[in-house]
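Engineer: I would like the entire structure built from these sequences, with the hints used as guidance.
Last residue of the sequence shown: number 251 in the working numbering, and the count goes up by one each step with no gaps.
Any given hint could turn out to be false.
[Stated by the list, open to error] In silico lysine to aspartate or glutamate, EDC-like type, Cα no more than 20 angstroms apart, as pairs:
1. 211 x 186
2. 61 x 83
3. 211 x 188
4. 61 x 188
5. 61 x 143
[Stated by the list, open to error] Label-pair ranges, simulated between beta-carbon atoms:
6. 140 x 195: 18 to 24 angstroms
7. 212 x 79: 23 to 29 angstroms
8. 218 x 149: 40 to 46 angstroms
9. 195 x 72: 22 to 28 angstroms
Hints are computed from structural coordinates only; laboratory data are not their basis. Computed from a predicted structure; not experimentally measured. Here a beta-carbon is modelled for each residue, glycine too, at the ideal position from N, C-alpha and C.
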Amino acid sequence: MLIFRSEKSGEFIATARKSPSLLLLEPHPLYRAALRSLLESPRIKVGVDSASSLEECTTLLLESAFDLVVAAITPELTPRRVLAAVAQARMGVPVLFLAESRDLQGRIEAMRAGATGTLTRDATPEDFVAAIQAALRGRRSMDEALADRLLSSAASIDRSLDHAALSTTEREILGLMGVAWSTRAIADERGITPKSVRNHVTNIYRKLGVSSRPEAVRYAARMGIRPAAEQVTHP
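Structural biologist: Right, here's the structure in full:
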């Protein structure tokens, strides 16, 4: 509930807080109906629209603003194709993918491509709700099997997942953050505004699942992301 004071009457007026809006991309009618029913339940409290094809999904994204896209992984709806289409239609909307439990490679591809998370179709309603809520808070999540896979080969897969999720510009900015460059210094170095740097940093935090500069710097160190030799010393 939001409360504000009317400039004309001076009275205090209460308005309902806008619920998050979610777009469901699911080609299978039965799955689409079941997921929409769960998403519209009081336990999540989100506004839901749905699409059966990528074309319909991008049309809806062009027409309306959404806080999250939940998309199925199918042979036609590959993670890279879906993420590219969503980014082109409305930049910055996170995507959570649903996949068959046996499709581990598809879920790895989704995380490599920059998905906010993955979930298998055999997940419990509680896990589904938790993943949606995490995504709406800007946190990355993944199913247990994928997490186990990453942990078992952290030296290679974990690094590639996080690293590949960042754009070239984001990796360069993260490298400069890692050697204690300020927002102003990074902006001057790249010829952009401090606000643009802050926007890049926000995207870095979201993709890496962190919430502070020290956490991001630790990621940079772990992944071996460093600036060019001449940029190591602060200007």
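Engineer: Flag every earlier hint the structure violates by its number, smallest first.
Structural biologist: 4, 6, 8 and 9
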